[in-house]
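Q: Here are the chains, one letter per residue:
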Amino acid sequence: MYYEKILFATTASPACDNAAKVAFDMAMKYDAELVVFHVLGVPTRGFSTQVTDVKTGELEEMYDENYVALVKEEIQNYYESLSDQVNVRVETAVGVPYREILRQARTEDADLIIMGANNRDEDVSSTRYRGVAGETLRKVAKRARCPLAIISRPCTTCWKLFSNIVVATDFSKAADSAFLYALKSAKAVGARLYIFHAYDLSASYVGGKAPTQGEIETHVKQAEQKVKEKYLSRMGDFDNYEVAIWEGTPYVEILKYARAKQADLIVLAHHTREYADPEDAEFGSTVEEVVLRAPCPVASVNHPDKVSD
Amino acid sequence: MPEGTLCNKKPIQTKEELDALLADKSGKVYYEEMKSLDVDMDKLKSAFKNTLKSRTRTWLDMCAHCGLCADSCFLYNVNKRDPKQVPSYKIQTTLGELVRRAEKNKPVDNELMRYCMDTAWSKCTCCNRCGSYCPYGIDMGVMFSYLRGLLYAQGFVPWELKIGSGMHRIFRAQMDVTTEDWVETCEWMAEESEDEWPGLEIPVDKEGADVMYTCNAREPKHYPEDLAEAAILFHLTGENWTVPSTGWEQTSLSMFAGDWEACRMQVETVYDAIERLQPKRVIGTECGHAHRATVVEGPYWAGRKDGNPPAPYIHYVEWVHEVLTTGRLKLDPAKRIKVLTTYQDSCNYIRNHGMADKVREIMDYLVEPGYFIEMTPNREHNYCCGGGGGFNGVGKYRPQRNVALKCKRDQILATGAKLVISPCHNCWDAIRDLEEEYKIGIKWSFLKPLLIEMAIVPDHLKPAEE
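Top line first, the protein sequences correspond to chains A and B.
Residues 0 to 308 (numbering that gives the first Met the number 0) make up the first sequence, in order.
Residues 0 to 465 (numbering that gives the first Met the number 0) make up the second sequence, in order.
These are calculated hints, taken from the structure and not from any lab test.
Among the hints, a few may not be true.
Pulled a few chain B residues facing chain A out of the computed Cβ check, cut under 7 Å [to be verified]:
| no. | residue |
| --- | --- |
| 1 | Lys24 |
| 2 | Glu159 |
| 3 | Gln173 |
| 4 | Glu191 |
| 5 | His221 |
| 6 | Leu252 |
| 7 | Gly392 |
Here are some of the chain B residues that sit facing chain A, going by a computed Cβ distance under 7 Å [what the hints assert, rightly or not]:
| no. | residue |
| --- | --- |
| 8 | Leu21 |
| 9 | Gly163 |
| 10 | Asn391 |
| 11 | Asp428 |
For lysine to aspartate or glutamate, the following EDC-like pairs were computed, each having C-alpha atoms within a straight-line distance of at most 20 Å [said to hold, decoys possible]:
| no. | chain 1 | residue 1 | chain 2 | residue 2 |
| --- | --- | --- | --- | --- |
| 12 | A | Lys227 | A | Asp169 |
| 13 | A | Lys54 | B | Glu435 |
| 14 | A | Lys172 | B | Asp458 |
| 15 | A | Lys172 | B | Glu195 |
| 16 | B | Lys220 | A | Glu107 |
| 17 | A | Lys138 | B | Glu193 |
| 18 | A | Lys305 | B | Glu193 |
| 19 | B | Lys24 | A | Asp63 |
Built from N, CA and C at the ideal position, the CB exists for glycine as well.
Next up, chain A with everything else stripped away, as it sits in the complex (with noise of 0.2 Å):
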């Protein structure tokens, strides 16, 4: 897996350092393009020209020019330490953060977003920008056509010396870009491979009736047959990796065995339908809650796209 161009959707407020250091090592190291992108507001008002500023919450005209180089030449400075060497460009857009990442994505052609997820109160902007971050990260997650690495966490490993890569599979479409993503990461790092899945207890306990051992142990069974045929079958002559079926709530089980194996990052997809009122879905899905609390990176991938050869 190499990149030639990283997207790295920042809000340049310490709520996006942890990510900001991975994107610009990463884009040093694979001597990639990193696009460093802000939205800069977000519409409001009907057909205004205001716009509503991300950070601050104030009303800014989003067709000043003076205010885009203003905002630019600080994200600049930002970064600036984090720049020596690295092949850098910032831009900008007006619009909703989720979608403008997703158009600015589309118009790079870039082969990985990185994105930052805050869950400390650190700075003044972080409890805005939570919230912004929780609709946008779950919305990039979903739709992105290429993976999408999300740093919550201090990440000191360099990602080419990864050497524990947790791949946690509900064995849909989705995962299997996913899959790819982590073997093809794993083969190009010299990464050991987890191919990881857990019976969703959770899901069973939702029809009233736990499932008897008998059934789990069946479950488990059917499960480790289907990563025979996905996954191991697509191994060719890599060796290095090996399987786990727990059962549980995925999320927690993801996390355990990511502890367990000291996983430098852990890859799954984001499949689960989204129609519901994005306001109302718990900040809860599988991939948020290991976003939340993994110690490494996460990387959700769900197209085949940038990841199928």
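Assemble chain B onto chain A, guided by the hints.
A: Same frame as chain A, but now just chain B:
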């Protein structure tokens, strides 16, 4: 300085002129120049001679100043019943005054023109509610719309609306969305939806389709998922549909601006698309003023003698009503909305185009019995959202607009509803803004996402898993 570089009587003709106007942050220079803009009396007199017809003359003359229109105006009510907000006062001191002065050969000064502008765009949303309450049927909304045209021709128009009508003139859309942008957005949205909706297409320029779909430029510009949602619903109902590569923009900020020439240019683009593609009928998006502009008023702007667009042209709610009542779109009753819900009647297609019953029937499908509550007043008597007629987007009048939102806020609060269904872009925006401004804890939605969430998807349209 009679004519400003930015504020003048000339309509926007080039992209450069438009950019220059946009570069003038918040219209600072523009409004400064307006203070010394001359009034062309000959032009005003000839406009009256050519366009001030008997109806308007009669309305102005016969007004008995009885004041019965006062309570009908939400702006009068939310502005502490200020007598200067009584509709008849507002129109008599503006259009009435201009007419009287022109007839008596008295000069019209700059200050009066600016008063007329402030009144026409910040004290009337052209919701036409007063017309329903005047014992003589005098409709101040219609007259204010006429006044806006006179003011636009003299250069006295709010900055954003000069830009808006300029956008229509340059891009044939209310925002800078080119044909390439639009077609690309269609491809993008089809691509984004194809996983969940195998076989979904957004066919561009298909001739002889059953349906041609038109929308609001803000959708491709900022909310393209609205287009994707329209496509999903057409896909679900098996509609043979298309969008035109040009002539897809149904809205008309030029109507809010009173730029009648731009109105004609815009609507002719849509009619040309209809003539070119020959669809059986046209369906517009969830927008009130777009319907008024393209379906109700547009045929007259375009000089169509029969007063109709080239093909039957219906509002989105009419289509939704049709597919629900005929069973082409089936909703899962178990998924009906179970929070207290109300509905915002859009002036432009409820009061002014009679669709109140159809919308109520749609609500029966969407909302669990017992969870739907009407605003008071409602249907044809409902109040404007508070941001209609261009009010939402004009920065100069934002304080007045925010006061205007109080009417809708209090109506919604009185219902206790937590969700406001609002199939109109302008109303949707106003309700969004009133939540931001007053934080009353409500949500608001168009119909499309609700319908998709509740739709029963036939097996053959579901994605094959694995």
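Q: Please go over all the hints and tell whether each is borne out by the structure.
A: Verification of the hints:
1. Lys24: holds, 5 Å
2. Glu159: holds, 6 Å
3. Gln173: holds, 6 Å
4. Glu191: Holds: closest Cβ of chain A sits about 6 Å from Glu191/B, inside 7 Å.
5. His221: Because about 5 Å separates His221/B from the closest Cβ in chain A, which is inside the 7 Å limit, the hint holds.
6. Leu252: holds, 6 Å
7. Gly392: holds, 4 Å
8. Leu21: holds, 4 Å
9. Gly163: Hint holds; Gly163/B Cβ to chain A Cβ min 6 Å, cut 7 Å.
10. Asn391: Cβ of Asn391/B sits 3 Å from chain A, so the hint holds.
11. Asp428: holds, 5 Å
12. Lys227/A x Asp169/A: holds, 14 Å
13. Lys54/A x Glu435/B: With a Cα-Cα distance of about 16 Å, the restraint between Lys54/A and Glu435/B holds, given a limit of 20 Å.
14. Lys172/A x Asp458/B: holds, 18 Å
15. Lys172/A x Glu195/B: Holds: Lys172/A and Glu195/B sit about 11 Å apart, inside 20 Å.
16. Lys220/B x Glu107/A: holds, 18 Å
17. Lys138/A x Glu193/B: Holds, at roughly 16 Å.
18. Lys305/A x Glu193/B: holds, 17 Å
19. Lys24/B x Asp63/A: holds, 7 Å
In summary, this structure violates none of the numbered hints.
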